[in-house]
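K.L.:
Given next are the chains, with one letter for each unit.
Protein chains: 2
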Amino acid sequence: MLLKKINCYIFLVILVPRVAAQSTNPLSVTMNKVKLEVLLDAGGTPVYTVQFDQQPVILASKLGFSLADDSTFYKDFELLNTSRRSINETWQPVWGEVNTIRNQCEELTLFLRQRKAPGRLLNIIFRVFEEGVGFRYEFPLQPNLKYFIVTEEQTQFNLTGDHKAFWIPGDYDTNEYPYTTSALSEIDNTKMVNASTDIAVRTAPDPYAVQTPLMMKSREGLYINIHEAALSNYPAMQLQVNKAGYSLSSRLVPDATGNKAYLHAPCKTPWRTIIVSNKATAILASKLILNLNEPTTLTNTSWIKPMKFVGVWWEMQTARATWNYSDFPDSVGVNGKLIPNGRHGANTAHVKKYIDFAATNGIGAVLVEGWNKGWEDWFGNWKENVFNFTTPYPDFDVREITHYAASKGVAMIMHHETSGSATDYERQLDTAFRFMDLFGYNSVKTGYVGKIIPRGEHHDGQWMVNHYERVAQKAAQHQITIDVHEPMRPTGQHRTWPNWMASEAGRGNEYNAFSNGSAPEHETILPFTRLMGGPMDYTPGIFNMKGYTSYAPDRQMHTTLAKQLALYVTIYSPLQMAADLPENYEAKPDAFQFIKAVAVDWDDTKIIEAEPGDYISIARKEKGKADWFVGAITDENSRTAVVPLTFLDKGLPYVAVIYGDAPGADWKTNPEAYKIESFLVDSNSTLKLKLAAGGGAAVHIKPVAAANAKQYKKYIAK
Amino acid sequence: MLLKKINCYIFLVILVPRVAAQSTNPLSVTMNKVKLEVLLDAGGTPVYTVQFDQQPVILASKLGFSLADDSTFYKDFELLNTSRRSINETWQPVWGEVNTIRNQCEELTLFLRQRKAPGRLLNIIFRVFEEGVGFRYEFPLQPNLKYFIVTEEQTQFNLTGDHKAFWIPGDYDTNEYPYTTSALSEIDNTKMVNASTDIAVRTAPDPYAVQTPLMMKSREGLYINIHEAALSNYPAMQLQVNKAGYSLSSRLVPDATGNKAYLHAPCKTPWRTIIVSNKATAILASKLILNLNEPTTLTNTSWIKPMKFVGVWWEMQTARATWNYSDFPDSVGVNGKLIPNGRHGANTAHVKKYIDFAATNGIGAVLVEGWNKGWEDWFGNWKENVFNFTTPYPDFDVREITHYAASKGVAMIMHHETSGSATDYERQLDTAFRFMDLFGYNSVKTGYVGKIIPRGEHHDGQWMVNHYERVAQKAAQHQITIDVHEPMRPTGQHRTWPNWMASEAGRGNEYNAFSNGSAPEHETILPFTRLMGGPMDYTPGIFNMKGYTSYAPDRQMHTTLAKQLALYVTIYSPLQMAADLPENYEAKPDAFQFIKAVAVDWDDTKIIEAEPGDYISIARKEKGKADWFVGAITDENSRTAVVPLTFLDKGLPYVAVIYGDAPGADWKTNPEAYKIESFLVDSNSTLKLKLAAGGGAAVHIKPVAAANAKQYKKYIAK
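If you read the sequences in order, they're chains A and B. Numbering of the first sequence is given in our numbering, commencing with residue 158 and proceeding in unit increments. Numbering of the second sequence is given in our numbering, commencing with residue 158 and proceeding in unit increments.
Extracted from the complex, chain A is given alone in its bound form:
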């Protein structure tokens, strides 16, 4: 034991610099318009402020923790030392909205020690970017803090006023609520939580807690986004609103025993991020969260490929077919086998039709849900052993389908619904991935619809955060990409795990099938909230806008058809589903042409115009090509999107194919009225796209040879 202590002491000498005097004067870091100040207050609590362009954004806000064995690990600190460095680098994501990302920031690290015995150490690392601030806590190697339990993180974000906020309830198990727009002082999630019976699992004990990313707008016109980056081995952070002082406090998702995090020094927390600008577009353009994630350690990423896919899925969402092969989980027929219900979607012949459709239309892959044993009795019972990930239903010939898809050049996407039983999934993971290897699947959609097992754990708690990462890691070992449904919301971890291509973790298009859906403004809020952390598998592209569910005939999409197309641009994801049934695409081949054409990986992205809750227009350049795609969407109000094409190469002719709302289109009364027109444009053109109420426009801009240009009429904005 003596030897052990001596050893730790050696490290202490290395890691802890000489003791400096306690600071009462603030330390300051500035990058362009963003200024951070940090000090220790009279009680020895670290306090920070953030300003943007000399306006306060975050007022004096405390930092620190409550630990299981020290409820006051946020005060009585002295400053041992500080260090600073400048970071200015560029890096290339495996896939993304842009091909190169600049990471430029100023870093300040505080080395703190508690004055009281045993003198525990805490470091806080700040990074100041031109569009905001990130900070994280670091627990360095030290003799008196090794294994410890975080009972709460005491991070504050004291705001300057009663900002308009775009929020969903702080739920431990779901991010699938619709957004509410209200003043901070009006936040109370009670009614929303109680009313949201369309969400399978809800656990929101605190009426004043909201999820991050929390998007806000001040009366002074500042856009502020609070979230986190690089969430790993830690629970998701929620924010508790103290309405009196417009203060937000971190609240971590608890484990089964009520603890928040089990840590082992040396270690670091995720980054807390504050993105701020006087332009909404700058919020969407920010790469701050990605820059705060670790680079990937995967040396070969050539197997990771953005793609579009179709799937045996919407027909189940709309009750045309079933996931389950049998309706009788507790009984078998006279042959001792499950009794088929005759409406099972994932049957070999039917899947082949999807493969044919994908092959014909250049869609890369086919997802098939409901292929494996377990669906006949999977939902809502907190049941541990539900699905078998290596046993297809008898009408799903996995070998035959693999051969057929390969012959057509179409990839198959495996589906692993766990019903929340993560323990059982982990037990099967080795064999499930080996089964995928065997049948040539290199992509899986996972799902966690249900209460989590280990019982008492939550979707967004530390144990599950680790689970999702374990699955990503093991998938990477098998060169498998993942698309995770019902995980915690992303925090830029796709930089580290580029095979984790998308997540759901939000309210997707599917809510327009099995519930009353989402308001027309929904997709104008998502990029400012859910998408800040990473791509979403939103499943756009519904063409049959009304009456698609036999059991709820008045149900309809809350967009126009043209807006469905625009979502392929405004909702970023390297995996994009063409979610509707093949026959609905075949009925509108002209509109479907946009889905066939639209890219899923990009060299560049321009956020043209944006206002959360109102509208978004984005232009993106296809990776390795000269084609640009524009998406413009609006909320329930019609508007004209104005898109100057200054990003086009100067002097070169392009054809812009505009998939827009037709005159008279309206999300509610006339959603399928679209109009497709082609025009000659160049970098001097400015598109004025008329968006219907709940409408949108999708534009494909492609270079055209000068000789061919004359067949198109020149675009003249009206």
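In short, the hints are calculated from the structure, not lab data. Predicted model, so just to flag it, every value in this text is computed and none were measured. Where is the CB? At the ideal position from N, CA and C, for every residue including glycine. Keep in mind that a hint or two might mislead.
What the hints assert, rightly or not - Subject to a maximum C-alpha distance of 20 Å in a straight line, what follows is the list of computed SDA-like cross-link-like pairs (lysine to any residue):
no.	chain 1	residue 1	chain 2	residue 2
1	B	K807	B	I873
2	B	K303	A	D534
3	A	K631	B	T588
4	A	K631	B	I873
What the hints assert, rightly or not - So these bits of chain B aren't anywhere near chain A, every CB distance computed over 10 Å:
no.	residue
5	V204
6	T266
7	H320
8	Y365
9	R612
10	E614
11	D771
Use these hints to put chain B onto chain A, whose structure you have.
P.N.:
Just chain B, lined up with the frame of chain A:
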């Protein structure tokens, strides 16, 4: 949905017989002296009584449940029907105390239905044996009870008086307490729980709860044992003592959320067992619990072999060596590798010495603890990823050791300490067992020293009960036998899983090393308590009785050396360790001869005399041989064990080698004084074995050719 209901209705018709009138007259079942009576009381609650030889054993006691969605699933029942059958069969265990077991009982099943809507069904199955009663609950397939949560089982055992009880605290995480002998009315575990700092994890929130098996003796001389059989997919049962009325109530070990069991009808609970006799020996001879377990489904059991083993283990318990290779978990040397501490037990050269010792002495196997990475930082931190089960420490050459052991004809026993992290063990289980297959290990000792992960779960809760069974099942798939340390106490499941050869689940000999040990009476109580459910890896055979731990030089065994030998007979297990260091055996080769000779599998067992807390004498016949072995032990009082050898074949000469306490032997003052004598005996002989205070005697009785018999003096009892 309509179809599903119709389907369930069909089953209802099949399963539920016509409605009978409610019974107020008791139904009765008798087998020899045991009589069970059952009725529904005026409130519709099932009530049972048990008598032995016309004496009441269990007074009117209620049966039933509280469910999450019905807190009164114990009353308002009506009796739909009953069925009865007689069972009289014999079966052969794969290994055991006897080679053939008779299962003779009378069975009565009550088919109950709640009068109130939705008319849920509950069956109760009783089996009456000549030495007691078993009963279990059955939830049949029914339309209105499918998935459900048990919040408490409301089974009562109302006793007739303030019996003497041999008990340990009702702890959710350990069965390793020393036994207290007291009146039922004196039970309060608070002091014992608080004082037991030698137990790694203690969770005993109820001062009046005790573990089963609970052994009792009435003033009228009835011996009563309450336990359970066939615990599977259900939490362990504890008993809460209501001291006023001498009533015991079942209390199930909770999960992380406070629920007790998650069930899915049709299903059955474990059996609740009441073994009763006016002879203590009949309690020990009972096979009631084994008879209530399911036969194994393993078709090939030839690979399951009882055996003795030595191990690199006691030297760590006594601080001569370490499990861990390095004392510096957080640092590495200049070569980037762990820094060796120079005291690591599991090194190749040292392990070879154990292999040599085993080979020389006919010991079947060698256990090596501390062979794998993780021990340098394993204990007490509720850490999830601790051990790597496929990475040996650098000084443990697994390939070399495998080859060496094979060349000597010695088997190696793998060790998998999990530190309670069952989730991580399950993740590694596939590869861990494949690693064992690769290196020819077909036996593993598992361990769960620490708080369980999934956090909030307990060693004895439903999730862990399922975990241990999953491990047993997967081990069987690999033809691996298991010896589980720190599981829930056994309930006869080794009938179903004969590869689950032993468990610790009790206070073993090791407590004499790392704590103040156990009282001399301890081993006279264990067979009436812990061992009722199955074999224990007690690790007997310590020869160096005092001063074996350098850090606590006054520590000593609480037996004589001869009693250590006797334990090989009185503590039944098909796996028996010779726990001491080879050099301590080599120093006393005459005494060690008994360990070399004693069998581990038996054709027959005779419980000669027994009194819980005082003494036990048992004779066993080696499987497939004519040799008998006798073990006789006493508590802190010296006594003479009287063992008539009537079980020997009539008229044949035998030699009895008696390994007894020498005159002057005493567990405290003179524990190593033993005497070995050989005598000629036959079936008319009666051994009178003088047992010292805390002493014992071990006897090997082997046939002798008449020609050789004359060299021995005839045994004359003194």
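K.L.:
Enumerate the violated hints, using their earlier numbering and listing them in ascending order.
P.N.:
4, 9 and 10
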